[in-house]
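> Letter by letter, the chains look like this.
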Amino acid sequence: MGLDVVEAVLKFRVDAYNILRHLYLFGPRRHIIDELLHLFDRIDIANASPDLVTSFKLLEPLKGLESARYEETIERLQYEFSRLFIGPGSPPVPLYESRYRSPDSLLMQETAIAIRLNYLSSGLVSGGASHIPEDHLAVELEYVYYLAGETLKDFQKNDTQTMKDNLEEQRNFLQGRLDWIAEIAERVVANSEDSIITGIVTFTRGIIEEDVEWLRTYIESASASQPAAAMVTRSSSDTGAQQDGEIH
Amino acid sequence: MGTPEISRRTFVKLSAAFAAGAGLSLGLGTDLLNLMKIGAAEAKELSQQLAGVLKKYTACAMCPAECALEMWIKDDRVFKIYGNASCPFNDGTACAKGAAGQQLIYSPDRLKHPMIRVGERGEGKFKRVSWEEAIDFVAQKLTKIKSEFGAESIIMDAGDVTDRDQYYRLFFAYGSPNCTEHGSICDTPRRHGPKLMLGGKRIEPDIMRPVLVRQKNGSLQYDKQYRTKLIIFHGWNPFVATRITYEGRGTVAAKVENGCKIIVVDPAHTNTAAKADMWLPIRPSTSPDFFAAMLRYILENDDPTRFDRRYIDWGFKKFSLGWEEFEASFKSWWNKSDPINNLPYFSLEWAENRTGLPKEQIAEVAHLFGITKPAALVWGMQSPGHNYNGYVASILGTALNIITGNFDVPGGAIDTEITKASKGGNATGKHFKNKKVKRTIDGKEIEGEVERLHMDAYGDWPAGWDEVVGDFPRRFLEGVTINYGPFKGHKYSIKAFFIRTGNPIITGSATYRWKEALTAKEKNGEYKVPLVVNIDSLYLETGMYADVILPEASYAERMSLSDIYPPHALLFLRDAVIKPLHECKNPTDIMNMLAKRLADLGDKDLKASDFWEKYKSEEDFVDEMLAGSPGMFNIGEPLPYPNFPEGYKITGTPESLEAGKVNINHEKKEVKGELLTVKWLRAHKGVAVWPMSWNRYRRFDKEKLEYVPNKTWPPTGSKMIEFSFKRYEQYNKLIEASGIIPIGLKQLGWERYPQSFYWFETKWNPYTNPEYAKYAKDFPFQIICGRVHHAMSGTQLVPWLAETPAEGTFMPMNNAFEYEIGDADGKGQIQPKRNKFKANSWCVGTMAMNASDATKMGVKTGDQVMVENPLGKKTTTKVFVTEGIRPGTVKMGFGTGGRFTPGMGGTYAQRNYTPNHNELVDPDNLSPIMGMPTYADMIVKITKV
Ligand code: SF4
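Those protein sequence lines, which keep their order, are chains A and E.
Reminder that position 27 of the first sequence reads as 27 in the numbering used here, one-by-one numbering, no gaps.
Reminder that position 143 of the second sequence reads as 1143 in the numbering used here, one-by-one numbering, no gaps.
Since the hints were derived computationally from the structure, they do not count as laboratory data.
Among the hints, erroneous ones may be present.
Claimed, not checked - The calculated lysine to aspartate or glutamate pairs, modelled on DMTMM-like cross-linking and capped at a C-alpha distance of 20 Å, are:
| # | chain 1 | residue 1 | chain 2 | residue 2 |
| --- | --- | --- | --- | --- |
| 1 | E | 1037 | A | 154 |
| 2 | E | 1044 | A | 169 |
| 3 | E | 1836 | E | 1803 |
| 4 | E | 1515 | E | 1123 |
| 5 | E | 1037 | A | 169 |
Please read all numbers here as calculations on a predicted model, not as lab measurements.
Please take these sequences and the hints and turn them into a complete structure.
Pasting the structure below:
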């Protein structure tokens, strides 16, 4: 049917990480939650991991809410988000990686250097408009969002080597750095009874885990089945491969 | 060829509806928000910079707070400085000054090589020599001095910062008991009350958070709750003057999180006052008056039956001795009339007349302090710390905290001197002072311990405890006479003065008196004090008067320990994070070199086994300092170690104590875990934290079912709170045995140190002391002085801070100048660079003056004036006109101006028009009990230049 499954996944990834970085940077504002719910339309729940199924179940009721109730829920959600993640005082689930790597420390620990080196490897430094430290969840998600966007461009330009490097960096980053999302999710479950927030963090963890798995199989099988220089091709002569990739 | 496997397993729906692709979430925007793209070359360079970075944990020394720091090191250079987040003392924070430390470490003005003087003292002419030459020069002189005049004729003054133990050890072993520190010339009256009554020194509000606390379930957790409801800062300005890092952030946090009220009593509207709910611009030098009126009001109006008058928590009596006598002695003044105003002592009217504050306001503060609990009354360094009669204020302040039930309660007033971990142990070498020596007095040979030759404790200032007395310049000119103990009648001259990291010419008593003492000559043309040695990393004014300069490693290059005023046991390492720069050496190496050379020259008191063979590295030395840590008692609530017996002394690493890996000695009442070491600290980000508890003076008696004194703490003679001044008894015994009354007591007309509350007037205050009333007309201003945090000598070498003004006393009011400074080269490295500074772009020492006074005098901001005291001594300054100071009062910073050493960087260029407050101090006005210069008692006249 000519639909490129790889491209579809790559596009999905860009949008998913874009929504997530906004969500953890600005909190659950209405337009962000709207986008999150739209994203569910693109997920094949029947094929999805338990986390994604759970989060779907927890978030789906939002869709049916009439406008006033929806607004109300969003407002409650914003309060709960602040309580859990922001403060005042010491929030039960801080969104800074360093707080998880070395529990007796605040910001600027060993993680800071490692994260900066990650960003620099892709020509990025933290310090955009938001002024939040580099180990904040939203910044780390933005990094993956950036790389996902670059990967899509590489794919479209057919620049396979750069795409491979990018994908490997993403896999390493998600696996080796963003694994602390698991602890965030656990802490939220322990500290909140709000099903929507629980749905959001479960979704975040679910997406990252699904993505890691996708990246793993993609990188491995691509490396095994073809020369590295042509890991993914979209040339017209290669439609078979694309068709093989179709989901039925 | 293909990529079949990859997409078989995916959760993304493939539908034409989504084929439009990325950017579906259009409402969100696609730009980067937190990250920025930079050029490939720049990214590569930054990566390379980061790649070799080592993080090391150490402690600051740029002010007495000594915060725990994290330094980033690359290629053995300090690259970045942050607060160490593992240390609850500063909890990850560092002030601008601490974070700018590279500019001090890499300052072009640092001392770099050993030097020997070639010109006259004060001319600043030196020649560069090798370490061997310098050490030999000093050792030869010391050997000669010891054989001709006795080892006691040298003074080792170890200056302001810590890391002094090596020098104490060296000179105690050499045979002199006269080792001292900057504390001898600073704020001893402030510490007197807590020392007398609690065995302590400094009372601070319980606002260091987090603190590690034992929980009911046995676990340890950080407590972050602020409980303090009221803090009265009296002459204490933690936001600008001396930093106790937690005090600044804790004050704000207690206010925001706990609604704590802040009252500031200070003639100047300080930065602390700016955070306060109430500012009382008190007349300078009247702190005891204010406290006495508070205590009288509280005693007169206390009513246990009324909730709004329940000021006193009478439970304190059970845990203290001598209250009745103290109260009776205090009340005995109530019916006497004060000659200056004919009003009864300590009444509100009397206090209004003397302090210049409305009596209603004094009553309100007393009432608020009485009913608000927990609260803390804290008094400061400048006043009463630097007043002739500051002792009275600190005694009253301590009593006020105790009787209102605020002493050592959660959120109350903590004496941090007696709650911190002990350190030093045998490394300091105090045991060398027990060595017996012989002296011939009036033809008779007398034997006694080295200790008994102490110039103060057995000389003119027996109550100058902790080796702190500031009567130096007189000693240099007149010598020492021992009045007490076995060596009574023994006289000796001061023949050598070692000054290490201190700068008494600017910070101790009058500058002119110090110059006079260090340049005075004998008839034969030799200097009266023939050897002056300066050990420092900076070239300060006192260094200009030295014969030998030994360049010491900076705080980033040497190792020691830090533990400044926490409310419980907590220690952190000052690590040598880089190798010493230039030819500088660390204190352990300097100690060993000098000890070895003295031994080579035949001095039998300096043994290899006590020095160079015992301490092969700094780490060996610091390990010994740590051996007795924390040395805390297992007391208070919640009990720090419920598994160990209550009241036992605890030593060992937090880890081993927690794991129960200990030996318990019931006879000695000791619990010993694994020894704390540098290695352990390094493995724990440089920090050791043991649990906090409160109410450490009591224990629960399970038979009586009530709290009783635990007789373990506080560390007074009776191990109880003492309102009767038992500590003075030992000095009175010395007086009785010898029949000689110390000079300070003679001035007061006393024969003995009193056993209970006492009162006497300060000097140079025409508004409280009738003796000085005659000066009021011609010298209409009282002058006060305050430390400016970023204008201490070391930090004036940090030009990055030169744009930070402070309270009218350190303002960007410079004349244009050019100077070589150390500045960042764009790669984070400091390099020497010649800079031009425009007028009014660089902070210089100034004098704050009230606007109404300025109008009367026709003076405006920036005008140059001459300030003169009744002794005819003068200093010049630019004026800063402000509403933020009490009329009739002017204020200067301490050590901000008149800095005549070229080692002071850009500040040196301003020396001719900036003020040196110490030119105005009366060098003969020493506070009568501990002999400290009274920097805060002076009046002046001001004329426009
Ligand atoms: S407060 Fe003092 S010790 Fe702490 S960082 Fe600043 S200068 Fe250093």
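> Hint by hint, which ones does the structure fall short of?
none
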